[in-house]
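Position one of the sequence shown corresponds to residue 3 (the working numbering), numbered consecutively onward.
There's no promise every hint is true.
Once the Cα atoms are required to be at most 16 Å apart in a straight line, the calculated EDC-like pairs of lysine to aspartate or glutamate come out as [unchecked claim]:
#, residue 1, residue 2
1, 86, 44
2, 56, 28
3, 83, 44
4, 56, 73
If you are wondering where the hints come from, they were derived from the structure by calculation, not from laboratory data. Being a predicted model, the structure only gives us computed values, none of them experimental.
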Amino acid sequence: WPGWTPPPEMLARQRDLPAHTDGGLENPLGARALYLFQGAKDTLFRIHGTNDPKSIGKAVSSGCIRMLNADVIDLYQRVEKGTKVVVI
Numbered sequence: 003w004p005g006w007t008p009p010p011e012m013l014a015r016q017r018d019l020p021a022h023t024d025g026g027l028e029n030p031l032g033a034r035a036l037y038l039f040q041g042a043k044d045t046l047f048r049i050h051g052t053n054d055p056k057s058i059g060k061a062v063s064s065g066c067i068r069m070l071n072a073d074v075i076d077l078y079q080r081v082e083k084g085t086k087v088v089v090i
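Based on the provided sequences and hints, a complete structural model is requested.
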């Protein structure tokens, strides 16, 4: 389970967020997180699980692609580092 450190931009918008959350059941990233880069630059977008499965399909993200934990675990096991991701 990944730890999560919100970027400064997110902390500025949501002042009640903790500066860091350790990996585990309460972590908003859920069971896995795939970090999306453009070239060598981190886009700050992620494909990740969730600690709130009822929120899937609702506009509650800061731009990330959220999945049920079982689904993101499956995806994580199938893709390799450097896999091209196309967001439409």
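Evaluation of the provided hints:
no., hint, result
1, 86 / 44, "holds (14 Å)"
2, 56 / 28, "holds (14 Å)"
3, 83 / 44, "holds (14 Å)"
4, 56 / 73, "holds (14 Å)"
Consistency with the previously given hints is maintained throughout, with no hint failing.
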